Structure formats: C-alpha cells, structure tokens
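Participant: Chain order of the listed sequences is A and B. Going by our numbering, the first residue of the first sequence is number 1, and it counts up by one from there. Going by our numbering, the first residue of the second sequence is number 260, and it counts up by one from there.
If you are wondering where the hints come from, they were derived from the structure by calculation, not from laboratory data. Quick caveat: nothing in here was measured; it's all calculated off a predicted structure.
In silico contact screen, one side only, chain A against chain B (beta carbon under 8 Å); selected entries:
#1 59
#2 61
#3 64
#4 93
#5 96
#6 97
#7 103
#8 107
#9 109
#10 119
#11 123
#12 124
#13 172
Pulled from the structure, derived: some chain B residues nowhere near chain A, Cβ distances all over 12 Å:
#14 271
#15 296
#16 376
#17 377
#18 381
#19 384
#20 392
#21 394
#22 505
#23 512
#24 517
Pairwise CB distance ranges (calculated):
#25 B:443 x A:127: 18 to 24 Å
#26 A:129 x B:289: 55 to 61 Å
#27 B:343 x A:207: 48 to 54 Å
#28 B:365 x A:89: 33 to 39 Å
#29 B:528 x A:48: 55 to 61 Å
#30 B:355 x A:127: 28 to 34 Å
#31 A:189 x B:538: 33 to 39 Å
#32 A:154 x B:528: 32 to 38 Å
#33 A:129 x B:443: 20 to 26 Å
#34 B:370 x A:17: 47 to 53 Å
#35 B:284 x A:134: 56 to 62 Å
Glycine included, every Cβ here is placed at the ideal spot set by N, Cα and C.
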Amino acid sequence: MGPKRPDDLELAVVVEDLHVSFAGREVLHNLSAEFHRGQLAVILGRSGSGKTTFLRAFNRLNECFPRSETRGSLKLKLQGEWRDIYRDNVPLTELRRRVGMVFQTPHLLPVSIADNLALPVKLVLGLPRRDIASRVAWALEEAHLYKEVKDRLDAPGHTLSGGQQQRLCLARLLALDPEILLLDEPTASLDFRAALKVEELLLSLKERYTIIAVSHSLSQARRLADKALIFRDGSVVQQLSREDLQISDTSQVLLEEIF
Amino acid sequence: MNKRITSLAQACSWLAVLTTVGVILLFLGFLGWRGIDTINSALFFGNTPPWEAITGRLPVWHGIWPACVGTLALVLLSSLLAIPLGLASGIYLCQYASGPWKRWFSLAVELLAGIPSIIMGLFGFALILFLKKSVAPQANTGLLLSAGCLALLVLPYLILLTQTTLEALPHELRLAGLSLGFTPWQNMIHVLLPAAGRGILSGVVLAVGRAAEDTAVILLTGVVANAGLPSGLFDKYEALPFHIFFLAAEARSDAELAQGFGAALILLMLTAALFLGAYYLKSTFTKTWDQKDLMI
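This is chain A alone, in the form it adopts within the complex (with noise of 0.2 Å):
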C-alpha cells in the first residue's frame, strides 16, 4: 500500500493570514497553510524565520510572551468540531490538551517520572485516582518507554537521558489525550540514537495525530515529512511533497536556499 494522498486525509488544521507580532514587530505575516490528520508535517527554515512563533500560535502560547498579538484564523478540528481558536471562545485548558507540545530541550516538571503524567492528567483530565496509574502506564507504553522506567517510577525525572526525557514528554502529552501535536526541533538536544528512537516512535505515531513538528535538519525532514513547508522571514515560500523532498536535485536548491 503506498503513502495515503492528501485527498484521501481528513483536513485537521486551516490557517488564514495569520500574523503574529511581538512589542509591535512582526514576526509571521499574512501565513496561510493547512494540515491533514495522520499526516506528519515539517517545518523547515533558518532560525529566526518564525518557526517556533507558529507552533506557538496552535496552542496560543506566544500570549504567554510579552505583548504579543495574533490576527487572522486559526482553524483546527478538534473532537470533530471546526473551532476558530482566536475567534471562538476555546477554553485555554481544553486547547492546551488537546493541542499538545514538545519543546526543543525536554520541559520536565520537577518531580518524579511517573508525576511527570499523573499531575496533569489529574489537575486537567481531572481523573480519579484509581484511573490515574493505568493511564501513566498507557501513556509510556505509547512512547515506547515503560520498559525502560518501570522500575524506577518514583525516580526524578531528570535523572532519565535526554532521549528518553524527551520521550516522556511525548507520553506526558499523549495522557491528555491530544489530537494535534506540536513538536519544536524534538531532537535538537539529543544525540544520533536516541533522536532515531524518538522520529521512530513520531512515525508509529502519526496515524492517529495531527503532528506538526519544526526541523533543523533536511535529513530529518526526509526521513519523517509528508509534507514540508519552507520559512523564510515568516511566511511559507514553498510547500513541498514527500516525493519532492526525495528528489535530490530539489534538496540540493532547498539546501542553498534555506539553510
């Protein structure tokens, strides 16, 4: 069976003139683009093209910055329904949920690794107690991880290796129960094998997710993208197929261009 065509895709996300500007200087300008479930999208770009700044967009975590401002649409399908998340009023804690992110250097919370899952999904599921251990232990099963931690549940996060800290993040989002997935540069801290192991569960993944993740790395993006969206000073100047990105003539221009 061959990779699965755009037409055939369930249309996830659609973005229309977004603008993002922080203390008045404009970061992303009049960016329009659109994902698809079970597809896994990458963002290529040099730094400083509003990668980041876009992700951040989904899950209206630029608020979280200093005067930031957002204009335009942002349209995700979430639980089957459109929702405009700048327009409608999408409660900040249902977004977050279920618009999930995993930042470039693993964001632990300072306690154990099996709290690391059991605090959110308490304080934003709001599950009882008794679900919460078998829903930690879904989780990390589902990020290829509970083999690795199950003796050592009640060990500090940090003393994991970046690869499997990076994981446990993945699985701290999956026990929200997310439908989009943001991933910024997930393997930028992390060495050859254990950023492998992390795009190999990304691919076991995308199936069920919407995933949208920023790469440095035109190899990565190879190996991962359905599709690539290429930044440049905060807007999209091309989109490209996975079969584009398989062409090497088209990689070689991209390489001169981008990076």
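Based on the hints, put chain B in the right spot on chain A.
Facilitator: Coordinates of chain B only, in the frame set by chain A:
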C-alpha cells in the same frame, strides 16, 4: 602578573571566610564559656518546681521560662501574620503586577525594608496612644501589638525573597505547566511555588530569626521585665532578647550577669530550633521534589 593577582584574590577570599568563621566560633565560644555553667533548671524556673512552672500553676520569679514562652508566642504570632501576607504579596509582584503598579509596590516594599526597628516600635506605640484617645480608651500595649509590628518589620524579607525566587525560576518551567493546560493558579501552586520552596524558606528563616531577636520593637510595644507567662493577646509579656538586655544593663550581681549569658545561649538555641523546624517543614512540604535538580 595575572597569576599573582589570582593567588592574591584567592588568599583574600580564604582570609574572609576564615575571619567570618573565626568570629562566629569566638563568639559562640565566649557565650558558651560564660553561659554553659548557668544552664540548669534554676536558670529556667528559679526556685519554682519545674512541673508547676511549666503548667503555669506557680509563678516563676527568677527564671527565664516565661521569657522563653513569650518569645515563642511572639515569633509564632508574627509568623502567622507575616508569612501568608508576605507570600501573597511576593506572588502578586512576580505574577500579576505590571507597569507602574509594580514599580510603586516594589518601592513601597523597599521603603518598608529600610525602616529601622525602633521606628516600627514607635509606630506601634503611637498607634496605641491614638487608639486610647479616640475609639478605645482601654487599649494598651501587649503581645498582639508587638507581633503586628514585628510582622511589619519582617514582611519585606518575605516579599522580596518570594518575588525574586519566583522570578529566577527558568522560563521553561513556567511554560511546561501552561503548555499542558494548567491554569496560571494551578501552575503557581503545583509547579512554581514548590520549585521556589528553598528560596521562600530562606525568607521565612530570615523572618523568624529577625522576629526572635528584635528588641527595639517590643521595647515600646508591650514587653516588661516581670509578667509571668503570657496570659492573653492584649497582655504584657516577657521575651528573651529584652530579658538579656535588661540583665546586661541592670545586673546587680555576677550571678545575674551569668544568667544573662545563659539566656543568650538559650535564645540562640531557640532560634536554631526554629530554623530546624522550618527545614523539617520544607522537607515534608517538598518531599516529592528533587531538590538537587532544581535550577535555583
């Protein structure tokens, strides 16, 4: 050349550390030498049988027991007043205040920190005079007034340490909770405050130590040389620092002066016990938190 400067700086640092430690040891040694012999049941209870004194059935005339209880009551009461207020103000300044409000509040806190304790005592004294002449003619200086003035005195330490510790937490830690869908309040209670526990605790320890040793404030707001065990919030009381001050100034015999040294040792031990208590509280409060990995 550079090497010589480095070794000179190193020598100076060592000298500074040794001087500090030396002074502390000298001080403790002197206190111990003069005071250790006086520490016995007579120091605490005079001629009164201990059990009767502890339970308050018989008054203590020549012992420091009432002063110990007075100081403890004073510290507890002023902590009860100052700690919630200080934490809340620190959280407000770090998390919610912005622009001119933040500047004005911070300035007010700094001003408060700069007020000498004797002025705080005068303020309490003037307040009572005002109350006496206006709404409450029966108002008088007492335990609650002293605790209130002490709370004002230690409040800035608590506010500033809470605020600076919270502000020093890495931005990622703040984002981690928020990106998972925590409300700002949940993020504060479950992530930021526990992570800032160590800094906040040092504020509490400073505040408790300051409240235990201050003499100027209580001098004007209700402490007396002989009052027995504190009997109520509005009554006069005894306190260790004042007792030491009193004995040092007006000792009539060598034995009384020696009792002053003993009382000073006991005050030190009491403060140390309060600090240990605070550390114990912290370790139960943050027992799930991995201390060595917190980035503060």
